[in-house]
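Colleague: Input sequences plus hints: build the corresponding full structure.
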Amino acid sequence: MAGVSVTFTVNGREVTATVDPRTLLVHFLREHLKLTGTHIGCDTSQCGACTVHLDGRPAKSCALLAVQLEGAEVTTIEGVAGPDGMHPMQAAFKEHHGLQCGFCTPGMVMMGIDIANRHEAPDEATIRRELEGNLCRCTGYHNIVASIAAGASSMRG
Amino acid sequence: MKPPPFDYCCPDTLDEVLTLLAEHGEAAKVIAGGQSLVPMLNLRALHPGVLIDINRLPGLDHISLEDGQLRVGALARHKAVLESAAVSEASPLMALAYPYVSHGPIRNRGTLCGNLCHNDPASEMPAVALASGAEMVLQSAGGTRTVAAEDFFTGMLSTAAEANEILVEVRVPRAPAGQGAGFHEVSPRKGDFAYVAVGATLQVADGACTGARIVCAGVGDGPHRAYAAEDALTGAAPGDDAFRQAAAAAADSIDPSEDFHADADYRRDLVRSLTRRALADAASRCN
Ligand SMILES: Cc1cc2nc3c(=O)[nH]c(=O)nc-3n(C[C@H](O)[C@H](O)[C@H](O)COP(=O)(O)OP(=O)(O)OC[C@H]3O[C@@H](n4cnc5c(N)ncnc54)[C@H](O)[C@@H]3O)c2cc1C
Ligand code: FES
Ligand code: FES
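Sequence order for the protein chains is S and A.
If you count by my numbering, then the first sequence holds residues 1 to 157, one letter each, in order.
If you count by my numbering, then the second sequence holds residues 1 to 287, one letter each, in order.
The set of hints was computed from the structure by calculation and includes no laboratory data.
Worth double-checking, as some hints may not be accurate.
Said to hold, decoys possible - For each label pair, taking beta carbons as the anchor points, the in silico distance ranges come out as:
no.: 1; chain 1: A; residue 1: Asp221; chain 2: S; residue 2: Ala91; range: 48 to 54 Å
no.: 2; chain 1: A; residue 1: Pro188; chain 2: S; residue 2: Ala17; range: 34 to 40 Å
no.: 3; chain 1: S; residue 1: Gly3; chain 2: A; residue 2: Glu26; range: 21 to 27 Å
no.: 4; chain 1: A; residue 1: Glu16; chain 2: S; residue 2: Arg156; range: 45 to 51 Å
no.: 5; chain 1: A; residue 1: Ala177; chain 2: S; residue 2: His119; range: 34 to 40 Å
Bear in mind the structure is a predicted one, so any value in this text is a computation, not a measurement.
For each residue, glycine too, the CB sits at the ideal point set by N, CA and C.
Modeller: Below you can see the structure in the form of structure tokens.
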């Protein structure tokens, strides 16, 4: 199939590439840009491991085609840390043991940042409801919820 | 690569979309939110020759309530519909059912019209459309036609939309004054497709049920309207006795599909319980 040229921004850097139209965003990130922090758990939009921010809102990168992103802004887990180190949400996951194997973690952190952006001080019920699209096979969620509550609180400063 | 190969077009105008659809016919697939389509491509359940992306079309993301009619355009995302005041005003049933539709990130992208065109048998909105007397506005290069919900959903993942048509807008008549609505669902996880969902609307006058609508999702190859259960309610005094009878009639009216998660008996039990609850809620909201 004819390759299609697409230009968009990933973690603040403009990227132009000619892609096969069937290239999923998650494959583009991992294989073309070598940004392997975004994980693939299911490929069918169920698990949330591939969650990135698209124009500032969470999206599952396994359910987007790279060619669809002309002009878009994508942020991946590699793009959230600041010059001084980890993003407060990442730091909270570290502090509160919000991960075990770490497979779901990039998606959880991206979702956690979005939850914190949209809710003043998210309580446990809100965080659990908002995490309905993110699966973790290890932790039982308890520490993920605690991490997001703490991360949200430190993001507010 | 997960998806099979296809060509891709992303037109800027509806006319171009319609011309491409006329040209490619069955080989073409429209992509809106892609939240059902891309997973199906990843599973190689579909092999389109060309994907026609409608996301750049202007002026199709409207959600408006005019002349007693709610109009939702092809690019109105689930999130916008879920949060819309026009929707809760025009269709309390849709507003009650919408939180059950998928998860946050999917709702940011997926559309109501795409959801209706996909017609997953466990999907809530086709059932809501059926209960509400919604109409689908379908456009092709040849013109525009309107199809009633009861004729639109034609079976498992299929609708009356022809390969050269797109659903530009769904129109939902405003719920009659005084009507109450209820919606209940059981699913494996919140936001997942339902094992069974039941929606009900009810009107009561002089202590008797006048108009009732009862619809189910997850019980067959598309949304199901339980006519016998509705008939059982007409003229009855709203209350648990009548609701139990209607619920039994609803459960009898289905011939449920079975899968690994839920066998037919379980689905029938769910229809019975959820119908009672949906009717009780609807009755409590009538005025
Ligand atoms: C994990 C998960 C859970 C989900 N849970 C639920 C749930 O609980 N309930 C539920 O209802 N849905 C659920 N969904 C599906 C979701 O609601 C989809 O967004 C929706 O079904 C499709 O809308 P879309 O805009 O993404 O359509 P797309 O995926 O782009 O398209 C779907 C189909 O409709 C066609 N199409 C799209 N728009 C048009 C149009 N305007 N005219 C003609 N044809 C069109 C496409 O060609 C395709 O065949 C879930 C999805 C996932 C991945
Ligand atoms: S890999 Fe995208 S949701 Fe699972
Ligand atoms: S930490 Fe292992 S899947 Fe979540």
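Colleague: Each of the hints needs a verdict: does it hold here or not?
Modeller: Here is what the structure says about each hint:
1. Asp221/A with Ala91/S: 48 to 54 Å: Holds: the Cβ-Cβ distance is about 50 Å, inside 48 to 54 Å.
2. Pro188/A with Ala17/S: 34 to 40 Å: Given about 38 Å between the Cβ atoms, the range holds.
3. Gly3/S with Glu26/A: 21 to 27 Å: holds, 25 Å
4. Glu16/A with Arg156/S: 45 to 51 Å: Roughly 46 Å apart at Cβ, these two residues keep to the hinted range, so it holds.
5. Ala177/A with His119/S: 34 to 40 Å: The hinted range 34 to 40 Å holds for Ala177/A and His119/S, with Cβ atoms some 35 Å apart.
Taken one by one, the earlier hints all hold for this structure without exception.
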